[in-house]
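Number of protein chains: 2
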Amino acid sequence: MDQYRKGGFTLPGEAGYEELTLKMAEKWGADVIRDSDGTKLSPEITAAGYRIYSTICIIREHNTFALAHPDAQQQTFLCSDPKTAVSDTLVLDPLAGYFEEQFSVNDSAEAMPFWQVWDRTADRLLPPDQWEYANGRVTVRNCIPFHRYSVSFLAWRIWEEINMYNHTTNHWTSEHLRQLDPRHPQAWEYLQNWLRDWCAANPDTNVIRLTSLFYNFVWIFGCDLRRRTRFVDWASYDFTVSPAALRAFEQEYGYALTAEDFINRGKLQATHRPPTARKRDYMDFIQRFVAEKARALVEIIHSFGKEAYVFYDDSWVGMEPYGKYFASVGFDGLIKCVFSGFECRLCAGAEVPVHELRFHPYLFPVGLGGLPTFSEGGHPEKDATAYWLHVRRALVRQSVDRIGLGGYLHLTIGQDAFNDAIEKMAVDFRRLKDLHAHGAPAELPVTVAVLHAWGALRSWTLSGHFHETDWNPLIHINEALSGLPVRVKFIHFDDVKNGALRNVDIVINAGRAGDAWSGGDAWMSPEVVSEITRFVYEGGSLIGVREPSAADGGDTRFALAHVLGVDQDDGAYACHMSWEFQEEQAPFFVAGEAIPETAGIRLTDPSVRVLRASGTTPVLTLHQFGKGKAIYMGGFVWSPAASRMLLEILLFLTGRDGKEAGITDHPLAECAWFPHTETLVVMNNSGSPLDVTVSLPSGTVPVHTEPYEMRFV
Amino acid sequence: MDQYRKGGFTLPGEAGYEELTLKMAEKWGADVIRDSDGTKLSPEITAAGYRIYSTICIIREHNTFALAHPDAQQQTFLCSDPKTAVSDTLVLDPLAGYFEEQFSVNDSAEAMPFWQVWDRTADRLLPPDQWEYANGRVTVRNCIPFHRYSVSFLAWRIWEEINMYNHTTNHWTSEHLRQLDPRHPQAWEYLQNWLRDWCAANPDTNVIRLTSLFYNFVWIFGCDLRRRTRFVDWASYDFTVSPAALRAFEQEYGYALTAEDFINRGKLQATHRPPTARKRDYMDFIQRFVAEKARALVEIIHSFGKEAYVFYDDSWVGMEPYGKYFASVGFDGLIKCVFSGFECRLCAGAEVPVHELRFHPYLFPVGLGGLPTFSEGGHPEKDATAYWLHVRRALVRQSVDRIGLGGYLHLTIGQDAFNDAIEKMAVDFRRLKDLHAHGAPAELPVTVAVLHAWGALRSWTLSGHFHETDWNPLIHINEALSGLPVRVKFIHFDDVKNGALRNVDIVINAGRAGDAWSGGDAWMSPEVVSEITRFVYEGGSLIGVREPSAADGGDTRFALAHVLGVDQDDGAYACHMSWEFQEEQAPFFVAGEAIPETAGIRLTDPSVRVLRASGTTPVLTLHQFGKGKAIYMGGFVWSPAASRMLLEILLFLTGRDGKEAGITDHPLAECAWFPHTETLVVMNNSGSPLDVTVSLPSGTVPVHTEPYEMRFV
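The listed protein sequences derive, respectively, from chains G and H.
Residues 2 to 714 in our numbering are what the first sequence spells out, letter by letter.
Residues 2 to 714 in our numbering are what the second sequence spells out, letter by letter.
Among these hints, one or two may not hold up.
[As the list claims (entries may be wrong)] In silico contact screen, one side only, chain G against chain H (beta carbon under 7 angstroms); selected entries:
1. Cys224
2. Asp225
3. Gly267
4. His273
5. Ser526
6. Pro527
7. Glu528
8. Cys576
[To be verified] Sample of chain H residues with no beta-carbon within 12 angstroms of chain G, all distances over it, derived:
9. Glu19
10. Trp132
11. Ile414
12. Ala573
13. Ala600
Just so you know, the hints here were simulated from the structure itself, not pulled from any lab data.
Backbone N, C-alpha and C define an ideal beta-carbon position, used for all residues, glycine too.
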């Protein structure tokens, strides 16, 4: 086992705890020591023979420059809360309700042409001569009484949002950090020079860990503590905007974006909603800009003989590891913090030499959810194990190159259970990595295509972590898929039109009516609907979850109701009676609690088989359509049992028994078969010992597993 | 009390039970004896000095004529279930899935031009040369593979629907009755002559009770017993259609209606959905036709010295007691069967000399819901009392002229409890009628306007009985209002534009997004929205229930979100955080169980007061908007306590204490004050004795009431 005791592990070093750093590096088999945000390593550590990572957040910690060049700061569009006119004149305060420490109005001459005033009652843009801005207020004239008006405007973002979050949440009191826009020519010159200086001044650093690039995900604070966060979206592009960006866009695309393209009646353009064509254009435009600038930074780093890894969070917007330009940046590594299996797959599948996972919990007193971890009442070893159960399933399917931790190492003192658990995980990780190095695990010849409005760009993730998006059934499905022995791809609606269903066995569409995951108006396309109809009729399978293929304008609420065998009554079926039905035994394992009810579901015809119902509402159905089958589920809530159910559904739909990839006879035990080394990996996902039988192509194998054990046979 | 022992009571006589008939007439104080459907009175009864009602269903029981003139039968548009084309040719069976005993295809030369074939996938009407009809099948050519196609067609209705219901439900075996269309010239001649003959042959009859006129409400059966009723709508007009009607419509209106105006993508035009402008035109067209023909029948009846009462159910379509033409028919009386208070108000408010209620339960072995009444296991006296608690509240507010029963009188034998209960109700009814005769009860100077897409045309009712529409919060609200001491009117959206909010204190909008009761697209009108905004801003009140003012296309889901103080997240608020709130004590009585949660409700601003919440979802809120107030309720489920809550909300919104009309100090006791006779009526709506104090303008009065008692003080 000694071969698995060292390597592929990044330890957060801590100055002042040099001895501890070296001791823990030994225990966990680290080959890399890194600094963390706000910590600097001491010479005792940097000289101890480990590779060294150093963290840089390129756009912040330049307050002197930012204050000298306030127009080099980043911006965003904002929209005032609509206000009711009670006479023919109305005064609007643009920033009312926003957090005044985060924003200031950009009323510069170059910004004002982008401002807009809307009559929101009539959904009408006012001509510019109907309003004027002076002394921080917009005065609207010739209002229609009792219509509501709002002003959309550009605002400077005067507090870097991650720093702002730490201040307001963790009561930091240091100077507010500002952030620079690399689109500003002087700022861009300054940042490159700064990076060169940094590289020259830090010869011990082998790897620069960029946290991350330029533009933060959208995080808009309000002034009222009853709603401190007004809007937060891990994957939106609003914070990339500026007059310069908008002008460059217009020049390149031949049409101008307006405030309303971003403001969208005050709703903004959340990632959970289907993107407009203009938003897609703008994202592509920003992605190219970000890649170009990132490439320049990577070249500087390389010129100093260092490597450039990028951390995939915070100011990551525009980087898009599954976008068209990511590979062109030339990063040497991608680091992803993970709670979940889908995040491992997200990292593992990106086109970059080194894939590294940052495990949770971080070595912080309190976790992301605000509960204690490394402080009184915390159980860091339990948290670590809970996340590991998610992560290992995915690592069994697709390996990464490295793992590691973050935070303050001294918090591990006295946490023997945690320290031992991490040691064990590191060994298991190296063993899995070694297995993968000898050949991929056996896989079912089954390709699952997850269909939504974003397609491959949002492979695996919806936006952010599991717990940030867990009201969407799709993230639960992605989490289940991350550990199943099938090929998974993520496609969008144009892909369907372009033949993407060739070589696909099962299409999954899972979302809420009108959202990006269900697809919204994309389902008004007869081409998409008839192509999926053909696909199933000729023998393919469809799994629809919650409100799949929901759209307005058709004769059914679900555009694929005729294939799914169910439709939803949103009121339009008034006076139309439903089919009576009787629940039947499912031909596969059903984790009942994993399937919530969706209101209004009804059968389209009497041939549909109801495999589970909640009262008179079907929640799990099966419909034969031509040579193919469709499964409808009212929802999907991840659990080990739900994952097993999904596996059995995939097997049932494709007429397989699962032996090709190895399958256990217990819903709470998973396995993987590595044929090149004839190694069987069995994972006990339960808190009890399990004796299971694994079916393989060559026969069956009995395996005993301890609670939560991953056993290599 | 003897003055209240006789009069205003219609008894169903029964041949073969002459002695019983006269005995029960004496006990219940009847002044009228009627026959029931399928029964004929014997001379012993008709000669006993009572006025005699006889029942006629004018359009049925003419099978000989119908068989001789099959083109005089009634029709409807139907639409085949869409079928997926798997090649370029598709064959459709129009009637597949429909009940073959109810319909036959009308493929006559005059009908075929009205047929349509639709590509439902592309929402496209096919040109007529792309399909042909032969041998009962439609063959569609040049189909787009995997699109779905349906044919809309005219069908003869060959079984009168009430007769069909009785056959299929109660296992009748007699000949299937057919129905004639009075638009057919020969049928119309025949029907008039038949009525003249009938009147001449039945000199004892004083009142002809028409059950009802010509066109039944829409009731479409399927062939599969798992969905015997495919569609049922008590207030839709599909069964009035025919080529002759469509041609006459086009001639008058200058545009043609097509099958799709009725079929509406297979959903038909249910009353619960907002009517199109074309449907409104068509309804008016039919209403005039029905009134004209009904007037001719009434004139025949009058010419024989008889009166004409009409029963408001079954073939009532086009009659519309709250329509423009009802009064012009010249009916002498309107009879309404009642389970509920709103039905009493519906009857009482119609413009006709005599208003008569038919009480439930009918003297049938089994009730409408299929449970025993006058058979083993039944408790007819309990049923009668339960309905009476609803009915008396409404009678206290607005009297009718007569009450009565229906069915087989012999079933009362041995039912002493029931017979005594009816006797007591009849006395109470006469007492109330007498009080009203001396002057109206005191009322609050409060006018409530119920706002929906139908307005006054659907005063009080949605369509059908309470239990047929009880998933709509509005019917619960109407039921509560039917017994409250306020003025109630029903208005639609054009009324709002035309100044209907003058002299209104409170507007109620209660429905589901997109339905006729919420209003649907009517809320896309800035005029409507700004007028209600003005109304509340200047001091009016708004009560919104479930999904009030919901519409697409605005910046909020509820067009009145800014007034209500709440909006609904249907997904568009993705990434927008909600306001945190704390529940407050309401300034009025809250019947918590009466207010269900509506999903996705969130506050629009922090000034909204949450008076009741379900978890993190507000279910009852109060918002001050300008000088006015708005109340939001997630739903409303009728109960005596819920009625009281609604009364207290109306009082709170108008700043009143309720003494003007009299008010009790107990939520389960209601009262009415008749100032002209200085009579106080106190109703105990609970199963326990209650000692209550009633506040009146002149002071307070203590009153003791027995369980369910109506006490006159």
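field: Non-interface claim for Glu19(H) versus chain G (Cβ beyond 12 angstroms)
entry: 43 angstroms, holds
Satisfaction of the His273(G) interface hint, Cβ to chain H closer than 7 angstroms: 4 angstroms, holds
query: With a cut-off of 7 angstroms, does the beta carbon of Pro527(G) approach a beta carbon of chain H closely enough for the hint to hold?
result: Holds - the Cβ of Pro527(G) comes within 7 angstroms of chain H, reaching about 4 angstroms at its closest.
- prompt: With 7 angstroms as the cut and Cβ atoms as the points, is Cys576(G) at the interface with chain H?
  reply: Holds. Min distance 4 angstroms.
query: Hey, does the Gly267(G) contact hint survive, CB to chain H under 7 angstroms?
result: Since the shortest Cβ distance to chain H is 5 angstroms, the answer is holds.
Non-interface claim for Ala573(H), where every Cβ of chain G lies beyond 12 angstroms: Contrary to the label, Ala573(H) does not stay out of reach of chain G, its closest Cβ about 5 angstroms off (not over 12 angstroms).
message: Hint Cys224(G) vs chain H: min CB-CB distance below 7 angstroms?
response: Check failed: Cβ of Cys224(G) comes no nearer than 11 angstroms to chain H, outside 7 angstroms.
query: Under the criterion of a CB-CB separation shorter than 7 angstroms, is Ser526(G) in contact with chain H as hinted?
result: Ser526(G) check fails; min Cβ-Cβ to chain H is 10 angstroms, beyond 7 angstroms.
- prompt: Hey, does the Asp225(G) contact hint survive, CB to chain H under 7 angstroms?
  reply: 6 angstroms, holds
task: Verify the interface restraint on Glu528(G): the C-beta must sit less than 7 angstroms from at least one C-beta of chain H.
output: Violated - the Cβ of Glu528(G) stays beyond 7 angstroms from chain H, reaching only about 10 angstroms at its closest.
- prompt: Is the nearest Cβ of chain G still more than 12 angstroms from the Cβ of Ala600(H)?
  reply: 8 angstroms, violated
task: Find the nearest Cβ of chain G to the Cβ of Trp132(H) and say whether that gap is larger than 12 angstroms.
output: Given a closest Cβ separation of 18 angstroms, the condition holds.
Hints 1, 5, 7, 12 and 13, counting from the list given before, are not met by this structure.
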